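Take these sequences, add in the hints, and give me the full structure.
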Amino acid sequence: MQNGVAITGMGIVSAIGNTVAENLNSLRNAQNGITQVDNFDTSLRDKVLVGEIKLSNDQMIEKLQLPVDNSMTRTGLLGALAAKQAIVSAQIDMVSNNYRTGLVSSTSVGGMDITEKYFYAYENNPELHRYIASHDAGVSSQHIADYIGLKGFVTTISTACSSAANAIMLGAQLIKSGRLDRVIVGGTDALSKFTLNGFNTLMILSDTYCRPFDQNRKGLNLGEAAAYLILESDEIVLKENKKVLAYLSGYGNANDAFHQTASSENGEGAYLAMKKAFNLAGLSPRDIDYVNAHGTATPNNDLSEGHALIRVFGEQVPAFSSTKAYTGHTLAAAAGIEAVYSILALQNDVIFPNLNFETPMGEFQLLPQTRLLHQSVNHVLSNSFGFGGNCSTLIFSKA
Amino acid sequence: MKNPCYINGIGAVNAQGIWNDDPFAHITEISNPLTMAMQPSYKELIPPAMIRRMSKGIKMGIFASQQALDEAAMDQVDAIITGTGLGCLEDSEKFLKNVLDNDEQFLTPTSFIQSTHNTVGAQIALRLGCKSYNFTYVNGATSFESALLDALMQIESKEANQVLVGGIDEIAGRTFALKQLVHEVKADGAVEKLKDSQSPGVNFGEGGTFFALNTEKRENTYAQILEVSILNKLATEEVVDFVTSFLTRNQLTLADVSAVVIGNNGDLKYDIYYTTFCTLFANQPQIFYKHLVGQSDVASAFGLAAAAFVLKKQIIPKTIQWNAIKLSELKYVLIYNQYLGKDHSLTLLRHVET
Numbered sequence: 001m002q003n004g005v006a007i008t009g010m011g012i013v014s015a016i017g018n019t020v021a022e023n024l025n026s027l028r029n030a031q032n033g034i035t036q037v038d039n040f041d042t043s044l045r046d047k048v049l050v051g052e053i054k055l056s057n058d059q060m061i062e063k064l065q066l067p068v069d070n071s072m073t074r075t076g077l078l079g080a081l082a083a084k085q086a087i088v089s090a091q092i093d094m095v096s097n098n099y100r101t102g103l104v105s106s107t108s109v110g111g112m113d114i115t116e117k118y119f120y121a122y123e124n125n126p127e128l129h130r131y132i133a134s135h136d137a138g139v140s141s142q143h144i145a146d147y148i149g150l151k152g153f154v155t156t157i158s159t160a161c162s163s164a165a166n167a168i169m170l171g172a173q174l175i176k177s178g179r180l181d182r183v184i185v186g187g188t189d190a191l192s193k194f195t196l197n198g199f200n201t202l203m204i205l206s207d208t209y210c211r212p213f214d215q216n217r218k219g220l221n222l223g224e225a226a227a228y229l230i231l232e233s234d235e236i237v238l239k240e241n242k243k244v245l246a247y248l249s250g251y252g253n254a255n256d257a258f259h260q261t262a263s264s265e266n267g268e269g270a271y272l273a274m275k276k277a278f279n280l281a282g283l284s285p286r287d288i289d290y291v292n293a294h295g296t297a298t299p300n301n302d303l304s305e306g307h308a309l310i311r312v313f314g315e316q317v318p319a320f321s322s323t324k325a326y327t328g329h330t331l332a333a334a335a336g337i338e339a340v341y342s343i344l345a346l347q348n349d350v351i352f353p354n355l356n357f358e359t360p361m362g363e364f365q366l367l368p369q370t371r372l373l374h375q376s377v378n379h380v381l382s383n384s385f386g387f388g389g390n391c392s393t394l395i396f397s398k399a
Numbered sequence: 400m401k402n403p404c405y406i407n408g409i410g411a412v413n414a415q416g417i418w419n420d421d422p423f424a425h426i427t428e429i430s431n432p433l434t435m436a437m438q439p440s441y442k443e444l445i446p447p448a449m450i451r452r453m454s455k456g457i458k459m460g461i462f463a464s465q466q467a468l469d470e471a472a473m474d475q476v477d478a479i480i481t482g483t484g485l486g487c488l489e490d491s492e493k494f495l496k497n498v499l500d501n502d503e504q505f506l507t508p509t510s511f512i513q514s515t516h517n518t519v520g521a522q523i524a525l526r527l528g529c530k531s532y533n534f535t536y537v538n539g540a541t542s543f544e545s546a547l548l549d550a551l552m553q554i555e556s557k558e559a560n561q562v563l564v565g566g567i568d569e570i571a572g573r574t575f576a577l578k579q580l581v582h583e584v585k586a587d588g589a590v591e592k593l594k595d596s597q598s599p600g601v602n603f604g605e606g607g608t609f610f611a612l613n614t615e616k617r618e619n620t621y622a623q624i625l626e627v628s629i630l631n632k633l634a635t636e637e638v639v640d641f642v643t644s645f646l647t648r649n650q651l652t653l654a655d656v657s658a659v660v661i662g663n664n665g666d667l668k669y670d671i672y673y674t675t676f677c678t679l680f681a682n683q684p685q686i687f688y689k690h691l692v693g694q695s696d697v698a699s700a701f702g703l704a705a706a707a708f709v710l711k712k713q714i715i716p717k718t719i720q721w722n723a724i725k726l727s728e729l730k731y732v733l734i735y736n737q738y739l740g741k742d743h744s745l746t747l748l749r750h751v752e753t
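If you're matching them up, the sequences are chains A and B in order.
Mind the numbering: the first sequence is residues 1 to 399 in the working numbering, read in order.
Mind the numbering: the second sequence is residues 400 to 753 in the working numbering, read in order.
Keep in mind the hints are simulated off the structure, nothing from the lab.
Predicted model only: the values in this text are computed from it and were never measured.
One or more hints might be untrue.
[As the list claims (entries may be wrong)] DSS-like mimics (lysine-lysine), calculated; alpha carbons at most 27 angstroms apart, straight line:
(1) B:K496 to A:K117
(2) A:K84 to B:K741
(3) A:K176 to B:K496
(4) B:K594 to B:K668
(5) A:K275 to B:K530
(6) B:K530 to A:K176
[Stated by the list, open to error] What the simulated footprint calls covered on chain B by chain A, stretch by stretch (three residues with Cβ under 8 angstroms from a Cβ of chain A suffice, anywhere in the stretch; the number is not a length):
(7) 549–560
(8) 620–632
[As the list claims (entries may be wrong)] What follows is a list of derived Cβ distance ranges for each label pair:
(9) A:E123 to B:T678: 39 to 45 angstroms
(10) B:I671 to A:D69: 22 to 28 angstroms
(11) A:D69 to B:T635: 22 to 28 angstroms
(12) B:R452 to A:E22: 43 to 49 angstroms
Idealized CB from N, CA, C, for every residue including glycine.
Shown next as structure tokens:
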């Protein structure tokens, strides 16, 4: 495991594509997936833009060939689509029990899309009762496990917007400790009225396309997505002669311990998370070719993260971008889709642009990468930060 | 060499009150479908303005975590790891009702901010000024065991020497009315103790249980945590294999287990899992606890507290003994939990000579 933990598969659904290839194509061609909300009614429709996946729950149920009386919510459906792709891409046979396989998923809203739809309707509609238990965040993972035919270790992490990074981290630890041979890791979150209104009350939603790291940024676009990676032990890779897409070489989690929702100005938590990841990877900041920033485009996050990047990298901050202007901020899934994007950067020696950037921030001289850049990429650092001061960093390295 | 993981402090808030030196002596067995926790006074721990704003889950978490730290004489930790099945339900319901009832108008952020599942872990970190590892697990009946396994790995791998780990769940109105609607919770008006359960569903409770874990043992160490195993689903006929293969992996036989802690909750349909489990340990004392705190996704954290208590004291209080087998020396205690036939866990503890 000297290179880290092997990643042998990945799957993704996001506002810029329902497959890895579609996502790569959108990233290369600067095509964002930001629109008005189409899938549900909300009074915020004319006030905000989102990264929405243009598949209804019914369309996903059809794609997944689920029975009509299934009780899956949107979070579970998105997750099942992405997890299945990851399994196919790693060429895993879920039927054979040769290896101890687990699922570490993550979500922040769980079954909220269904709960908010039927909250007051259950008493008079017995046919909806099957959804009552689906509200629980962990049930989305159960549904995904059932769909992919997994019987084994299943758990769910919820640390707001860093959730999927932490799921990836836990998966790596489970393999390193010898408790699992293979683990499906990532996250899924559906858009809901609940989160849309929640972020709206915090006044951090942008009424236009979000502009990460821009002086005139006005807030974030919420999004929905799911993404999963397959992590496998060196033994499996060797024995099965598995193709390795990339290695997870470092990771770190730290707490800002500053405020329930806001980040500290000097980005203490982010700084500590990056430091831990470097220590574990045995890499130094100058080894990093690309930083996939958290970059939500809120005034607070980008300032705090910018300071943290300067603290870690000094004057030599590597090429960096936030891909949230493509997908919106997909909450618990964010670190999952950005892990996929980090791996795509490694595989294709390409750095994806930070869309909508015009004016540098006044507080420091940080210029995100604004055009597609072809250059050798050997190590990518990806940041994800969440409510509760939760700060996570992952480092991916070329296979 | 892996570092050992000792339980050096426990804290709890639940239907019986708070954790104390003799928590199983004066108990009241619960018989209501929904039994709230007996809330302690928070004014020594939390500023008054915050007490009003915080949900009971956050407060119970803060109280129980501080109690655990105090008992272990720890004031700083290298990791804070929590588990919660349903999360911060009070705030979550409050915000959702406001969204739905007022057609997305006139909303304030406080309940949304506090609705995220990791609020308790975050608030503990804030008050301790703790910038270290902070994870929250939300996986039904294995939410706490996931947190515990993470804690064990943090300690084994030497990432952390001192860890605060706990489970929190709170009862809130609408969610539980819906659980009653589908008979997951017994109907209003039912008065049935766990062993006398006759109607469908179970009695629910709420609470917070925390543990201060350390690589160093102390004079008042409760027990050592050896291993935690989690499985998403299991047929009743597979219970035996689940248990025996777990013990084999830990180089133990069934006979090595001195006592077991079972998660029976009076569920007519699914307590069969525990019955099957207990057939393997017919000659050992069996301990139960959900008649004291009720079912919740993290009730099993209190089961761990019970196991730790009996290992330390080398006595099994009558109030929690399920069968009539007299104990001999307690060395290994095995905890088994599941809920609705899903999210099975085994936790293995060992007695520590101090």
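**List of violated hint numbers, smallest to largest** = Hint check: 3 fails alone, others pass.
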